[in-house]
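Student: Chain residues, written in single-letter form:
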Amino acid sequence: DAGITQSPRHKVTETGTPVTLRCHQTENHRYMYWYRQDPGHGLRLIHYSYGVKDTDKGEVSDGYSVSRSKTEDFLLTLESATSSQTSVYFCAIDRGLDTDTQYFGPGTRLTVL
Amino acid sequence: GNSVTQMEGPVTLSEEAFLTINCTYTATGYPSLFWYVQYPGEGLQLLLKATKADDKGSNKGFEATYRKETTSFHLEKGSVQVSDSAVYFCALSDKTGNQFYFGTGTSLTVIP
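Going down the list, the sequences are from chains X and W.
At position 51 of the first sequence (counting the first as 1) the number is 51 in the numbering used here, and the numbers step up by one without a gap.
At position 44 of the second sequence (counting the first as 1) the number is 44 in the numbering used here, and the numbers step up by one without a gap.
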């Protein structure tokens with residue numbers, strides 16, 4: 001158990017509405033990541049964070065923003081959700097104890113109608 | 001750039017059959033290589049990893065050897081069980097930017 005929780009676990013929303021997903025860790029690790037998982041694409045990195053207020057873009061960052069105001073929480077926001085953002089979203093951490101190994105949360109299934 | 005290619009699925013095997021899931025990679029430098037497993041409705045769990053050439057990762061009867069000469073990290077298991085039914089992801093880390101690169105996943109179903 002990597003001590004990662006995600007909320008909500010499931011969400012259905014409508015096109016154009018803002019959505020925020022939360023990732024919470026209990027172990028104060030520095031690196032946190034947001035991925036989306038889609039059939040035929042595996043996991044693709046959206047954004048990641050290397051410390052409080054320190055974030056960077058990943059491969060598929062358009063339409064997403066993130067914030068990290070404290071070590072334990074990493075928020076992913078869809079400012080105006082679109083149907084193409086229907087996906088399963090995973091948060092991950094790098095514990096730093098093992099050589100660059102990531103550990104994943106349980107995921108959030110988001111449906112944009 | 002960095003990328004991972006793994007065999008297309010789905011794969012269906014009978015219980016106790018031999019499993020191979022192929023994975024090849026492209027990377028600059030000397031990446032770390034990983035296999036993750038995802039059971040239905042769950043997140044990804046680390047199955048095994050190898051951090052340098054010729055290393056063998058192993059866990060729960062699964063094995064994979066880091067082959068630099070063929071840029072491969074194939075997953076094998078000698079005798080699969082129904083409980084091994086899951087999606088398997090090959091991944092690499094380039095160790096520079098704490099970024100991972102994932103394959104598209106291979107779905108395995110084991111039938112009794």
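Just to be clear, a hint being listed does not mean it is correct.
To be verified - Computed list of lysine-lysine pairs in DSBU-like fashion (alpha-carbon distance at most 30 Å, straight line):
| no. | chain 1 | residue 1 | chain 2 | residue 2 |
| --- | --- | --- | --- | --- |
| 1 | W | Lys-60 | X | Lys-57 |
| 2 | X | Lys-57 | X | Lys-11 |
| 3 | W | Lys-56 | X | Lys-70 |
| 4 | W | Lys-95 | W | Lys-52 |
| 5 | W | Lys-95 | X | Lys-57 |
Source of the hints: derived by calculation from the structure; they are not laboratory data.
Student: Against each hint, give a clear statement of whether it holds in the structure.
Tutor: Cross-check of the supplied hints:
{"no.": "1", "hint": "Lys-60/W x Lys-57/X", "verdict": "violated, 35 Å"}
{"no.": "2", "hint": "Lys-57/X x Lys-11/X", "verdict": "holds, 24 Å"}
{"no.": "3", "hint": "Lys-56/W x Lys-70/X", "verdict": "violated, 38 Å"}
{"no.": "4", "hint": "Lys-95/W x Lys-52/W", "verdict": "holds, 12 Å"}
{"no.": "5", "hint": "Lys-95/W x Lys-57/X", "verdict": "holds, 17 Å"}
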